[in-house]
Amino acid sequence: MDNSVSKKNARTPNYKTLFGQALFSAFTKLKPWVQWKNLVMFIVYLGAIFCTITTIIDHSSFNLQISIWLWFTVIFANFAESLAEGRGKAQAESLKQTKTDTTARLIRDGVETKVSASTLKRGDTVVCEAGDMIPGDGDVIEGIASVNEAAITGESAPVIRESGGDRSAVTGGTKVISDRVIIRITSDAGNTFIDRMISMVEGAQRKPTPNEVALNILLVSLTVVFILAVATLKAFAGYSEAQAGAKIATVTYTALIALLVCLIPTTIGGLLSAIGISGIDRLIRKNVMAMSGKAVEAAGDIDVLLLDKTGTITLGNRMASEFIPSVSVNAQDLAEASQLASLADETPEGRSIVVLAKETFGLRASGVPPRDVTFVPFTAQTRMSGVDIKIAGGDVQVIRKGAVDSVKKFVESQGVKFPDDVLEAAAGVSRRGATPLAVVKDSRVLGIIVLKDTVKGGIKDRFAQLRRMGIKTVMITGDNELTAASIAAEAGVDDFVAEATPETKLQRIRAEQAAGRMVGMIGDGTNDAPALAQADVGVAMNTGTQAAREAGNMVDLDSNPTKLIEIVETGKQLLMTRGSLTTFSIANDVAKYFAILPALFGGLYAQTQGGFGPLAVLNIMRLHSPESAILSSVIFNALIIVALIPIALRGVPYRPLGASALLRRNLAIYGVGGLVTPFIGIKLIDMLLTSIGLV
Amino acid sequence: MAQTEFLQIALLLAILMACAAPLGNYMAAVFEGSPVIQRNPLGRLERQILRLCGTPADAEMRWWEYAAALIAFNFLGFVLLFVILISQDLLPLNPNNVKGMAIPLALNTAVSFVTNTNWQAYSGESTLSHFAQMAGLGVQNFLSAATGMTVAVALARGFRRDSSITIGSFWTDLVRMVVHILFPLAIVFAVVLVGQGVLQNFAPNLTVFGLNQGRQILPMGPVASQTAISLLGSNGGGFFGVNSAHPFANPTPLSNLLELFAVLLIPVASPLMFGRLCGNPKHGRTLLYVMLGLFLTTLSAAIYSEAMHNAALSGAASLEGKETRFGIASSVLWALSTTATSNGSVNAAMSSMSPLTGGLAMLNMMLGEVVFGGVGSGLYGIVMFAVLTVFVAGLMVGRTPEYLGKKIEAAQMKFAVAAVVAPSAVILTGAALTLSTTVGLSAISSRGPHGLSEVLYAFTSAAANNGSSFAGIAADTTFLNLLLATAMVVGRFVVIIPALAVAGTLASKKTTPVSLGSFPVTGWLFGGLLAAIIVIVGALTFLPALSLGPILEHMLMLSGRTF
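So the protein sequences, as listed, match chains A and B.
Our numbering puts the first sequence at residues 1 to 695.
Our numbering puts the second sequence at residues 1 to 563.
Chain B extracted, bound-state conformation:
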């Protein structure tokens, strides 16, 4: 493996860490409604939008009101997107004259984009009009990311507030996320991508003739603007079916680095924002280090697995399915980054990764998509794990467990456990259902343990709202479209609602002052413990399934059998 490839990883992480703190602080200031930010033009825009919608900026909500607003808003977004998708042939900006989407696929796609999953059971360039891409998917790319962040912000308020019945206003948080954070970042990033040669036009597909006079269709469209928000918002639904493996979406090594940066930026800054918002910046840093530690562990294991001696290929590192322009380390980095961040875009074919890399990518998502997780969702996910950690370990110091001064009791446990267990339950039952029905089995393209991995991956990706695909599985069947859509909804909202409930029940509690007897939620001890709980819960739940998928395949590959 080339040194430059490692250099790229080191460079990426260095830039990320340098940007995390300023962005985290900025985001915290945005959600705290800092006067400096309120006075700038974007602050005026925020107030105008809120006034237009008729919501006062300080309309405080109880947790269930917050949850109800969030669900109602997302449901409307779903309906709108669904209608756009099935009627895109009747709408403008359809230079390629694509047809309206079939109902099961439209349903799946709408759910997928509303839940920030961006599972693509289709190829954008051949199935969607520019209008559907921009007004449909693009809008949800902003809104679903913002939705995720509102939950994280509300959760931070749950810790910060003392004996309060409210956790902030969903509308204000949503608008602030879009106006102050996603919107400026997306514009800047889209322009940078255009500078690197990413397409941005409204032209119909271009038909060209190659050197051997073969006819070739070059897809055209607003690629840069779509890609920018899709990566920044941990959406991952690319303009093209193959996402950033397509040269028009990812033309240069620099664009590759920048796109990765965009994928990781907000998730990496979020824990620092959380730390600031909940009044304990050190705790935010500890959360970030836990994420970073887990990320580097899976990344190193995957790179090692890709580069190691492979009996089946008599020694050579496998380049099959990887973008030759980027090489192995970069492809693996992309795979691990996007599965880790719930982004789910790809720059290489997952199915072609070594069995263990596929398994690690899966594990990244199985761990509850908390390393680093999607925009907002990674954060509230890891906080749910932290609640469990604080509970088990907190008992061991001889007190009712306290997390940032809030007692963790039956109500919080109930909700945190629901948030942690729901996605796992969906993954296991969904995959088992697919593997034990004929209609399910017919979608699998590979044989042996690799087939099991395909199915497991699909449900993991859906339930973790990641959206990356192992490829290989024929996802556009009514059976899988509906089953996976269910997995996406459960994986999104059955985590969001309990997370908001935790926020609400915590906010109403009194804050206990920290004493020597309080459980420490910063530093190595807590960080290590949190990482251990995340891994153990993930591993204990999925080890049997993984052992029959990637692990078995890996063992078989070592003995020379591949699938």
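Excised from the complex, chain A in its bound form:
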């Protein structure tokens, strides 16, 4: 199959088709057993059916219009859900294409047989060579290969996967580009990472999250209260009519159903599932796969973040910060030699040495003609790198840099003693938490390059932001106490764990949880797996091991450790959107009462038949007639669902402000806004209806 179907394509959906499909499924969702799943909307659905039947019987234009708008209310809610699902569906389609049956080269008892990938079981061993599709999730147990993982990450640059270490996990559906690896399959066919991704994005196994369940309880009980309030109203109205001595025409079943639909929380009820689906969808667009909606929600609750120092807080590459020459060595000579030794070293460390030499001594290494230089790359045997330079007289100048003990071994092998002052300086550098590199020219040790961890630019601001969110950051590092403290201070984390082992990580998580805090962490290695499993939100890097990926409840396909902050924000957004729209929905009811109650009872105790009685005073919006008031409210109620779809899909923006400020802000927008908007909206609709003569 064509492997170039990347997620990038899926991530920029065609809005026209998305809209069309959503509109279509908004109608196909009108089946009662589908509607039944959402009790609030089911009541509207029943109301719509009832009003339709009434219309068929009495042919009243008012009933007809109410029925139409009740159906619209249901359809709009379906549309919101379908639209949210649509994006995921499109993505799932492209993922499914990678699942077209591949052939696996199964190795059993040393014999290779070709079998269908769908028959693979946990524990099977397969071989993959360049050009082969990896048939299932697994760990590389032998060999090294470059793999194109674009199918799941959307990133087309190949990645290296090798046996042992923390980069052994491979994903079914990705493609080996070079070399040959032997893989032990770790998940049964049908339950692979891609399978889980598909079911997540499709929302097929979407279980309501704990907060959704709790919110649903509130919405259902509000609905029950309003059903009671409206049902008993019939009795109260009957008594009042009898007392007033005149029937009023306005208290009909259609009007009561309209009142009920306006009062029950249809706005949030209709958008609730769209909010949940789009929350997961937003994470997917950030290239994070959550294994459950519950995990996304939990991310919003995180109190403590455990962050690995390397790669998250520091760049992960140490940078040269200082040259310490040996006694009797000129600092500039050391710098020059260091620069030459690093010229061919394309690692960030190497480049940083070149840059430091240039910055401190203005060296540009231009004096050496390239043809005279032979680069000596780093090997595991020598653990040094450097250059051999032909100099006048056919001699070769050997410059090397490397770990102190390697260089010591190197010079001692030539019968030269490693100078004590350099050894001391190296020990001092280590104590400070930095890494010393010794530089040797021929057999003379010139001195030391100090390599230091560099804190990422802007990370301090992010931690300050997290602190304002109420989240504590804890840096985990294998460094000693001293180094850890200095980096912690530089990065602005709240706390750190030095000389951490996998066990101390786990202990720290347990201790935080015992104190009632929710812990989030990110990790990649096999030894991170227990901690990832223990954390409330464990984000595994996609580049990590299979064990880590299975232990966490999210996988970051970009393998970017700072992603955790965005994950937390998405979780918070999800909860805020639900809360804000619930508040909006409930606040709306006040205006609807002022529209519908006078419409229903304005005629009680009227002096003249069909005139207005005392309760007409409640019609503070001065709506045109009882019919127009009721109809306008129902129309407003339906349209507001459509108007809020963008907020439901995008989420209420989160700002790291602290709880009180956030609350004030959202209350002002959705609470006060929810009170005022319907007064304006209903009045406008009423004016429009009256002007075009629909009522």
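Incorrect hints may have been included.
To be verified - Simulated crosslink set (DSS-like; lysine-lysine; CA at most 27 Å straight-line):
| no. | chain 1 | residue 1 | chain 2 | residue 2 |
| --- | --- | --- | --- | --- |
| 1 | A | Lys294 | A | Lys96 |
| 2 | B | Lys414 | A | Lys37 |
| 3 | B | Lys510 | A | Lys294 |
| 4 | B | Lys414 | A | Lys207 |
Stated by the list, open to error - Part of the chain A face toward chain B, derived, beta carbon under 10 Å:
| no. | residue |
| --- | --- |
| 5 | Leu215 |
| 6 | Ile217 |
| 7 | Ala229 |
| 8 | Met469 |
| 9 | Ala515 |
| 10 | Arg517 |
| 11 | Gly613 |
| 12 | Tyr670 |
These are calculated hints, taken from the structure and not from any lab test.
Glycine included, every Cβ here is placed at the ideal spot set by N, Cα and C.
Assemble the complex: chain A is given as a structure, and chain B must be docked to it using the hints.
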């Protein structure tokens, strides 16, 4: 309106606020089992009573055990009271030779006193013996108030405890409430009332002849002792049918002030006790301010409504049905205080209040009787509302809502919602049932919207366990006796059980430490929000019904029509 009347309101509130903190702290110390209190004579009495009953003081209970003990205890109290009422003619201390109560009325009365409602479908002076008053009703006055407080205390423990499966001992809490709080207060207060001239004797009714030789029966009895606990315990069931509108129960302006003070005292101190018990005194103060704010709002509206220009009466403020000795403001203050506190005693006829005052009194009860609410019940009621508030608003700060460090999740929502919705459901269905059946309609005495108010008021009063009556409705019919008794039971226990369940499920949770991201449950923002949720939930549920009752009547009155 006279300045002195406002002065009285200000004075009352000032004394109350001054006493609230010391009493709140004292009550908290009592329920925490403070050693200082345990060492005093009342502490010894408490231990002796518990030993006598065979319960160890530290017998911890899970929430359902607590609930089961509470219900079993109240059921026994109900049976005992019921038996006393139907057989009072066979029992001692019956100088007036009253007959045993009819079964539906006895049932209603027993339920009413056990549920701290004290709905009186009868007049005490003509229907009850002194024995029934004292050993029957009086005992329940203590016990039902204490029962309410135990629930509030258990709820506070739910917040305070971390990963605990128990919420305290019902028996210990009950005994502590009676021994350390109700008993001393009632004794002191009864003596003060006697000093003001309230009756206290076991004499039979006195027959006297007036100046025009007309024969008049003056009721006698242990009025002061009954009134004291009836007011302190937010019971409100007076010795006399007209409660404190009777001069023998409320003889002087000072007694009037003191009785009001007694009505409000424990409910006002309770939030402060709660704050202390749950470890956040500031939260307790916020709850108190919310209650106070709502109370002052309804009170001012009612006073304004009573004093405003009245087309039907061509301008004069209406004194009809009000005690001329006390004047309008004081009568309204009493009405609003007692409906607000679930006390339900009266010093004026509710039915004669202006339509809006009646409506506001009703609204006070419809809001779930949380401003200030009955002894204990107001507190657990407002905490249930706070749970809803924290949930909706808590989501808006982007976290799983937390209340005092406890996550509010599906289980708590289920129970809190049940506690908030149950009374409303009973009020609406009960009133609708009465208004749509002939047997129900026959009990109504007024016409027009006022009749609807009578019925709505009766069910609101019963379901909110208030017990105050709008008057006018003929409540002593089998139909209403049974229907209202049901409303009282639902309004009491279908709130208590979920409240205890909330306590139990919260206690078992871990306490989350407070962070910058935690939802604040103190201060103006939370207070305003809580008040808004209380009003909105109440208003949204009852606005249609109220609009056809008091609001319609008010509008009609403005146009000159009264009922």
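For each hint, the structure was consulted:
Taking the CA atoms of Lys294 of chain A and Lys96 of chain A, the gap is near 24 Å; set against the 27 Å cutoff, the hint holds. In summary, the hint linking Lys414 of chain B to Lys37 of chain A is supported, as the alpha carbons are separated by about 18 Å, within the 27 Å threshold. For the given pair, Lys510 of chain B sits about 19 Å from Lys294 of chain A by alpha-carbon distance, which is consistent with the 27 Å threshold. A C-alpha spacing of about 19 Å is found between Lys414 of chain B and Lys207 of chain A, which places the hinted pair at or below 27 Å, so the restraint holds.
The interface hint given for Leu215 of chain A is met, as the beta carbon of that residue sits about 7 Å from the closest beta carbon of chain B, less than 10 Å. Hint on Ile217 of chain A holds. Least Cβ distance to chain B is approximately 5 Å, under the 10 Å limit. Hint status for Ala229 of chain A relative to chain B: holds, with the closest Cβ pair at about 6 Å, below 10 Å. Look at Met469 of chain A: its Cβ gets to within about 5 Å of chain B, closer than 10 Å, so that hint holds up.
Hint on Ala515 of chain A holds. Least Cβ distance to chain B is approximately 6 Å, under the 10 Å limit. Interface restraint check for Arg517 of chain A: the shortest CB-CB distance to chain B comes to about 7 Å, inside 10 Å, so the restraint holds. Given the 10 Å rule on beta carbons, the hint for Gly613 of chain A holds: about 8 Å separates it from the nearest Cβ of chain B. At its closest, the beta carbon of Tyr670 of chain A sits 7 Å from a beta carbon of chain B; the interface hint therefore holds under the 10 Å criterion.
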